[in-house]
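Using the sequences provided together with the hints, build the complete structure.
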Amino acid sequence: MIDRNEIALNEKENNGRSVFLYYSEIVGMYMAFGLSAYYVTMVTDPFMSYSEELNMPVALLRKEHILYLRQGLKKVAHKRMESYQFEMNVTVGRAGYEKWEQKIFNKHEGIY
Numbered sequence: 005m006i007d008r009n010e011i012a013l014n015e016k017e018n019n020g021r022s023v024f025l026y027y028s029e030i031v032g033m034y035m036a037f038g039l040s041a042y043y044v045t046m047v048t049d050p051f052m053s054y055s056e057e058l059n060m061p062v063a064l065l066r067k068e069h070i071l072y073l074r075q076g077l078k079k080v081a082h083k084r085m086e087s088y089q090f091e092m093n094v095t096v097g098r099a100g101y102e103k104w105e106q107k108i109f110n111k112h113e114g115i116y
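Going by this note's numbering, 37 is the number at position 33 of the sequence shown; the sequence numbering is gapless.
One or more hints might be untrue.
Stated by the list, open to error - Derived pair list, reagent style DMTMM-like, types lysine to aspartate or glutamate, alpha-carbon separation capped at 20 Å:
#1 Lys78 to Glu29
#2 Lys79 to Glu91
#3 Lys78 to Glu91
#4 Lys67 to Glu91
#5 Lys67 to Glu17
#6 Lys67 to Asp49
#7 Lys78 to Glu15
#8 Lys79 to Glu15
#9 Lys103 to Asp49
#10 Lys16 to Glu102
#11 Lys83 to Glu29
#12 Lys111 to Glu68
#13 Lys78 to Glu102
#14 Lys16 to Glu68
#15 Lys83 to Glu68
#16 Lys103 to Glu86
#17 Lys107 to Glu29
#18 Lys16 to Glu56
#19 Lys111 to Glu29
#20 Lys79 to Asp49
#21 Lys83 to Glu15
#22 Lys16 to Glu113
#23 Lys79 to Glu17
#24 Lys103 to Glu15
#25 Lys107 to Glu91
#26 Lys67 to Glu86
#27 Lys83 to Glu10
#28 Lys107 to Glu15
#29 Lys107 to Asp49
#30 Lys107 to Glu57
#31 Lys103 to Glu29
#32 Lys16 to Glu57
#33 Lys78 to Glu68
As the list claims (entries may be wrong) - Distance ranges between label pairs, derived from CB positions:
#34 Arg84 to Asn110: 27 to 37 Å
#35 His82 to Val31: 11 to 21 Å
#36 Asn110 to Ala81: 29 to 39 Å
The hints are simulated quantities; they were obtained by calculation from the structure and are not laboratory data. All C-beta atoms, glycine included, are put in the ideal place defined by N, C-alpha and C.
Printed below as a string of structure tokens:
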């Protein structure tokens, strides 16, 4: 089960290199939130949405996306069908994140 507090803490303390993924049994996909979602888009092209509950972007990743991440990033931790943690080769930081986040939010809000 996905822990909202863990997600919020991981993204708040993200060091500019970490990608945290969480598995949703309901959806059958891994998800990345906030900065992790931003970093994922630098490696692959996931489906993007916005989590109203967590108030941050969310990337939905199919198995093929995980393969791209495994090829391009260093795997730090993995609990099968629960979570992944990857590390990027270089620190990306938050440069451009706020603009990107607003773009994802505006697309999400434009649906209504």
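Quiz item: Is 11 to 21 Å a correct range for the gap between the Cβ atoms of histidine 82 and valine 31?
Solution: holds (19 Å)
Quiz item: Do the alpha carbons of lysine 16 and glutamate 113 lie within 20 Å of each other, as the hint requires?
Solution: violated (24 Å)
Practice problem: Decide if the proposed pair is consistent with the structure: lysine 83 and glutamate 10, CA atoms, cutoff 20 Å inclusive. | Solution: holds (15 Å)
Quiz prompt | 20 Å limit on alpha-carbon distance, applied to hinted pair lysine 83 and glutamate 15 | solution = Given pair lysine 83, glutamate 15 holds - Cα atoms ~19 Å apart, limit 20 Å.
Self-check item: Restraint status (C-alpha distance of lysine 103 to glutamate 15 at most 20 Å)
Solution: The given pair, whose Cα atoms are some 17 Å apart, holds under the 20 Å limit.
Quiz item: Does the alpha-carbon distance linking lysine 79 and glutamate 15 stay inside the 20 Å limit?
Solution: holds (17 Å)
Exercise. Take a quick look at whether lysine 103 and glutamate 86 sit within 20 Å of each other, Cα to Cα.
Key: Since the Cα atoms of lysine 103 and glutamate 86 sit roughly 30 Å apart, the hinted pair is violated (cutoff 20 Å).
Exercise. With 27 to 37 Å as the target window, see if arginine 84 and asparagine 110 comply at their CB atoms.
Key: holds (36 Å)
Quiz item: When you check the alpha-carbon spacing of lysine 107 and glutamate 91, does it fall within 20 Å?
Solution: This hinted pair is violated, its Cα atoms lying about 25 Å apart.
Quiz item: Within 20 Å, alpha carbon to alpha carbon, are lysine 78 and glutamate 29?
Solution: violated (25 Å)
Quiz item: Would the pair lysine 111 and glutamate 68 pass a check requiring their Cα atoms to be no farther apart than 20 Å?
Solution: violated (24 Å)
Quiz item: Given the hinted pair lysine 79 and glutamate 91, is their alpha-carbon gap at most 20 Å?
Solution: Distance of about 6 Å is within 20 Å: holds.
Hints 1, 5, 12, 13, 14, 16, 17, 19, 22, 25, 31 from the earlier list are contradicted by this structure; the remaining hints agree with it.
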